[in-house]
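Enquirer: For reference, the chains in residue letters:
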Amino acid sequence: MAKYLLLKHYRGAPQAVNDVPMDQWTPGEIEDHMKYMSDFATRLETTGEFVDGQALSPQGTFVRYDGEGRPPVTDGPFAETKDLIAGWMVIDVDTYQRALELAGELSAAPGAGGKPIHEWLEVRPFLTAPPTVTE
Amino acid sequence: MDDMLLRELTPAVIGVLVRRGVDFATAEDAVQEALIQAALTWPDRPPSDPKGWLVTVAWRKFLDAHRSEASRRNRERLLDLEPPPGPTETADDTLQLFFLCAHPSLTPASAVALTLRAVGGLTTRQIAQAYLVPEATMAQRISRAKRTVRDVRFDQPGDLATVLRVLYLVFNEGYTGDVDLSAEAIRLTRQLAGTSRSRGTMVADEEIAGLLALMLLHHARRAARTRPDGSLVPLAEQDRSLWNTELIAEGVDILQTALAHDRLGEFQAQAAIAALHADAPRAEETDWVQIVGWYDELLRLTGSPVVQLNRAVAIGEADGPVAGLAALAVVDPDLPRYTAASAYLHEKAGDHSIAARLYADAALSAPNLAERHHLTRQAARISQALRE
Numbered sequence: 001m002a003k004y005l006l007l008k009h010y011r012g013a014p015q016a017v018n019d020v021p022m023d024q025w026t027p028g029e030i031e032d033h034m035k036y037m038s039d040f041a042t043r044l045e046t047t048g049e050f051v052d053g054q055a056l057s058p059q060g061t062f063v064r065y066d067g068e069g070r071p072p073v074t075d076g077p078f079a080e081t082k083d084l085i086a087g088w089m090v091i092d093v094d095t096y097q098r099a100l101e102l103a104g105e106l107s108a109a110p111g112a113g114g115k116p117i118h119e120w121l122e123v124r125p126f127l128t129a130p131p132t133v134t135e
Numbered sequence: 001m002d003d004m005l006l007r008e009l010t011p012a013v014i015g016v017l018v019r020r021g022v023d024f025a026t027a028e029d030a031v032q033e034a035l036i037q038a039a040l041t042w043p044d045r046p047p048s049d050p051k052g053w054l055v056t057v058a059w060r061k062f063l064d065a066h067r068s069e070a071s072r073r074n075r076e077r078l079l080d081l082e083p084p085p086g087p088t089e090t091a092d093d094t095l096q097l098f099f100l101c102a103h104p105s106l107t108p109a110s111a112v113a114l115t116l117r118a119v120g121g122l123t124t125r126q127i128a129q130a131y132l133v134p135e136a137t138m139a140q141r142i143s144r145a146k147r148t149v150r151d152v153r154f155d156q157p158g159d160l161a162t163v164l165r166v167l168y169l170v171f172n173e174g175y176t177g178d179v180d181l182s183a184e185a186i187r188l189t190r191q192l193a194g195t196s197r198s199r200g201t202m203v204a205d206e207e208i209a210g211l212l213a214l215m216l217l218h219h220a221r222r223a224a225r226t227r228p229d230g231s232l233v234p235l236a237e238q239d240r241s242l243w244n245t246e247l248i249a250e251g252v253d254i255l256q257t258a259l260a261h262d263r264l265g266e267f268q269a270q271a272a273i274a275a276l277h278a279d280a281p282r283a284e285e286t287d288w289v290q291i292v293g294w295y296d297e298l299l300r301l302t303g304s305p306v307v308q309l310n311r312a313v314a315i316g317e318a319d320g321p322v323a324g325l326a327a328l329a330v331v332d333p334d335l336p337r338y339t340a341a342s343a344y345l346h347e348k349a350g351d352h353s354i355a356a357r358l359y360a361d362a363a364l365s366a367p368n369l370a371e372r373h374h375l376t377r378q379a380a381r382i383s384q385a386l387r388e
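Going line by line, the protein sequences match chains A and B.
For the first sequence, the working numbering gives the first residue as 1, with consecutive numbering after it.
For the second sequence, the working numbering gives the first residue as 1, with consecutive numbering after it.
Don't read these hints as lab results, they were simulated from the structure.
Be aware that a few hints might be false.
[Said to hold, decoys possible] In silico contact screen, one side only, chain A against chain B (beta carbon under 8 Å); selected entries:
(1) Val20
(2) Asp23
(3) Gln24
(4) Trp25
(5) Thr26
(6) Pro27
(7) Ile30
Idealized CB from N, CA, C, for every residue including glycine.
Kindly produce the complete structure, drawing on both the sequences and the hints.
Expert: Laid out in structure tokens, this is it:
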């Protein structure tokens, strides 16, 4: 089993296909979207593939060390262009193929008009220690 | 064996050892050993005086541990310190333990963890679960907190206001693990109220009562506050038949007794506002005029900008949205939930497009997921109405 991080980008990734801001959806469409996501997580729990997931606040700050005794530099030149990650989920799956399959499924969550939003998800494998060879 | 009983007794027993001069971490270790012993022997031979039993065994465990490393001379000196046998008292020690756990040298997060561990008797795993952090992380946090207060001695009264703040933090943490922290905070506040009364008047007992009433009144509405899917139900839309009338009656009772002493504090004022909400059979019957009055008191007591913000919303209900927006105009717009309050008042005033935009903005800075979803739904609801 290997762990993968699924990152939901709201900005910085290529534009989603069904790209309507959420406050322009109907309340029913929002319910459906939430339900899809929570059903997805619940199902992964039953398959033993769910590790953890959290939503993130949109506020983020880039920080850089700027030398001894000097205050850290924050939000340098990227303030307007940095991407925005809305949430993440960690899954623990058998294969990379399975990780892609699940990310694809999550990306198909219904959005405006009840159609899949086709949002971009970033799939990042966790680094793991190389397996110990005992023979 | 009765887990609740053990959790009640643990702080008192730690307190006795600490008063006898044992440092906090060592006392806790000794009590843990005694609890293990209790788990082994109590099922067959239940003690007639559980607390006395625990004190004796914990003291013996401490001495055993101490003996193994200290000289014979030192041991005799410690044995001399042992008080004569007799009834064991609780009040003093538990109160001191509260003060120790809420010591100003600790960060709020550490104070909360230490209080749950030492006064509440929760396991590290339970606390870690409630805070959604790994057990090892929580174990480290607790041992660092213990190291911080290791040299604190009980020679002067602690700061009750800090203890109450810590308890309120515990209450507001809610319940994600197998322990309901809100119920736990209520239990500990009850314990503190009992402790304080038996000790005398060095602290404002009315404020402890005020905090207890506030917790009970909030707790009474819990079943109505969220839908089964976890989404928020605003106060006005809550199914009031789900409110726990017994808890409300108890909260109101405690509050009235406290208010009668005429030593108002911020928790009593907050509880009074909660009581007025609890008192309304329907949302439309809420006595907003009185609520604004209590917010005025609260503002006088605290000067808090958050109170100013809530007061503006209450004025919006009592005197109409225009008055509410005027009251909001003097509040710092950077406050959390400022935008949400503004959106709400604009909607009431009929400025729907502004309200929709503000709700969407507010969703972006919501402090938690449930609120983010709620505000997004509000924005969507108005946007949809505007399109139709």
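Enquirer: Next, verify each hint and record whether it holds.
Expert: Now the hints, each set against the structure:
1. Given the 8 Å rule on beta carbons, the hint for A:Val20 is violated: about 10 Å separates it from the nearest Cβ of chain B.
2. At a threshold of 8 Å, the smallest CB-CB gap from A:Asp23 to chain B is about 3 Å, leaving the interface hint in force.
3. For A:Gln24, the shortest C-beta to C-beta distance to chain B is roughly 6 Å, which falls under 8 Å, so the interface hint holds.
4. A hinted interface residue such as A:Trp25 counts as satisfied when its beta carbon comes closer than 8 Å to some beta carbon of chain B; here the least separation is about 5 Å, so the hint holds.
5. For A:Thr26, the suggested interface contact is upheld, since its CB lies about 5 Å from the closest CB of chain B, less than 8 Å.
6. Restraint check, A:Pro27 versus chain B: the minimum CB separation of about 5 Å is within 8 Å; hint holds.
7. At its closest, the beta carbon of A:Ile30 sits 5 Å from a beta carbon of chain B; the interface hint therefore holds under the 8 Å criterion.
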